[in-house]
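Please construct the entire structure, taking both the sequences and the accompanying hints into account.
Those protein sequence lines, which keep their order, are chains A and B. Under the numbering used here, residues 3 to 291 are what the first sequence spells out, in order. Under the numbering used here, residues 484 to 602 are what the second sequence spells out, in order.
Simulated from the structure, these hints should not be mistaken for lab results. Just to be clear, a hint being listed does not mean it is correct.
Restraint ranges, calculated between C-beta atoms of paired labels, are given here [unchecked claim]:
id, chain 1, residue 1, chain 2, residue 2, range
1, A, Gly47, B, Tyr585, 37 to 45 angstroms
2, B, Ile537, A, Lys218, 45 to 53 angstroms
3, B, Ser527, A, Thr190, 33 to 41 angstroms
4, B, Leu510, A, Lys135, 16 to 24 angstroms
5, B, Ser589, A, Thr196, 44 to 52 angstroms
6, B, Leu544, A, Leu66, 29 to 37 angstroms
7, B, Ser527, A, Asp69, 31 to 39 angstroms
8, B, Phe499, A, Leu199, 16 to 24 angstroms
9, B, Gly599, A, Lys58, 38 to 46 angstroms
10, A, Gly255, B, Phe499, 18 to 26 angstroms
Here are the simulated DSSO-like cross-link-like pairs (lysine-lysine), alpha carbons at most 27 angstroms apart as the crow flies [unchecked claim]:
id, chain 1, residue 1, chain 2, residue 2
11, A, Lys137, B, Lys571
12, A, Lys168, A, Lys180
13, B, Lys592, A, Lys264
14, A, Lys30, B, Lys531
All figures in this text were calculated on a predicted structure; none of them were measured in a lab. The beta carbon of each residue, even a glycine, is placed where N, CA and C say it ideally should be.
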Amino acid sequence: MKGILLFAENNTAIDYAKLALISAHCSKYYLNLPITLVTNPYTAGYIQSSFGNKHKIFDKIIELDYDQQVGDRIYRDTVGWNTHAPYYNKKRVNAFEISPYKKTLMFDVDYLVQSTELLKTMDINPSICINSKIKSFSNYHDNNPEMISNPVGIDLYWATLMYWEKNKTSENYFEIVKNVVENYSFYTQIYKFTGNLFRNDYVHSIASHIFNDFQKNNVVNSFTQDYILTSYDTDDLVEIPDISTTKFLVYKGQDYDFLYHKSKNLDIHVMNKPSLLRNFDRFMELYCV
Amino acid sequence: MTEQVKDTRFEKALSFANLKATFALQLQNIKLEFENSKTISHNSGLFKIDTVLISYINSMLTQGYNELAVLDSNQNPIMIKDLAVFLKEITDTYNQAVNSYYLEYSKLKKQRNITGLIS
Chain A
3 MKGILLFAEN
13 NTAIDYAKLA
23 LISAHCSKYY
33 LNLPITLVTN
43 PYTAGYIQSS
53 FGNKHKIFDK
63 IIELDYDQQV
73 GDRIYRDTVG
83 WNTHAPYYNK
93 KRVNAFEISP
103 YKKTLMFDVD
113 YLVQSTELLK
123 TMDINPSICI
133 NSKIKSFSNY
143 HDNNPEMISN
153 PVGIDLYWAT
163 LMYWEKNKTS
173 ENYFEIVKNV
183 VENYSFYTQI
193 YKFTGNLFRN
203 DYVHSIASHI
213 FNDFQKNNVV
223 NSFTQDYILT
233 SYDTDDLVEI
243 PDISTTKFLV
253 YKGQDYDFLY
263 HKSKNLDIHV
273 MNKPSLLRNF
283 DRFMELYCV
Chain B
484 MTEQVKDTRF
494 EKALSFANLK
504 ATFALQLQNI
514 KLEFENSKTI
524 SHNSGLFKID
534 TVLISYINSM
544 LTQGYNELAV
554 LDSNQNPIMI
564 KDLAVFLKEI
574 TDTYNQAVNS
584 YYLEYSKLKK
594 QRNITGLIS
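What follows is the structure, encoded as structure tokens:
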């Protein structure tokens, strides 16, 4: 059975429950797959009591205990606002066991599905897929592609979007993921990156590197679209004129200058979460059928 | 964010100086859409269709093959059980993708201001 797995836990700055609703309704519209939400008891209660029937988009809501260790990260809303807030992202480590599906598509709740593209990857039956490339709306950021830093730099795999089929290969992969998480500070030394913020991206980059025999080969595959199209948190989602179309103000990198931009039929990782939340009602109007 | 700040951003974004950059951005987008729309999965293989693939399949059909293992875009061998059906599928998909790309590109090329480019 195929399905989608989402993780969302509210914090003091971002209403992840609302983001999960946006993400779930959009993905249901394009992919028409069952959706499971993994969250904590507070967020589960909030999502089931505050949005009428909208939570019924989730076929299953799994409540797990609060994370014991919590990181702290910056949330930006274009270049005019930012704040620090706790970041709950440890539950994903157990995604393999948590997922009720044989074939699981897992993505961040700020990943906006706007096409049927992801179904193609599920059709070709790979064991594990994670992308290691991104493309941004503006090319201004691409001069500094994120990588786990030198001198032993490896490709950065984006845990934003993952797919796996439950089999021995993917089970082994997730065992490595757990090992990396349990020994995170050790790996910060080996791969020479700062361990201030726990990032699933780093965990999966290291796990993929190990799993690929410390080389670049195809054990961990890319999606059919081998990059994640990204709108950075300095951009602003300003309008959703109709189904599958979004309009952004894209930051040019200096002088508070932006480009106006329209995107159509393309899945987008919208890093500016407050801008997604500002458009919650519009998303529900279009996709909550 | 105040409405006044928002207006300033829109005003700057819509200025003529940004016309070329906005055009380039929109062009990049329709190219990405085109790339996706000419990609199909077939019998667990991934095919990014191009004219070379179409010509190759057509030439195999002309030579009398009906069933053939073909390398997909990941260089994995995929068994195509009915070449004629596959040829129709890839030709239709490719033509439709190019046609949509052409329509979007033509619309874009005609625009002389940013409002038109992103409408």
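Next item on the list: Of all the hints given earlier, name the ones this structure violates by number, lowest first.
Entry: Hints 1, 2, 6, 8, 11 are the ones this structure does not satisfy, whereas the remaining hints hold.
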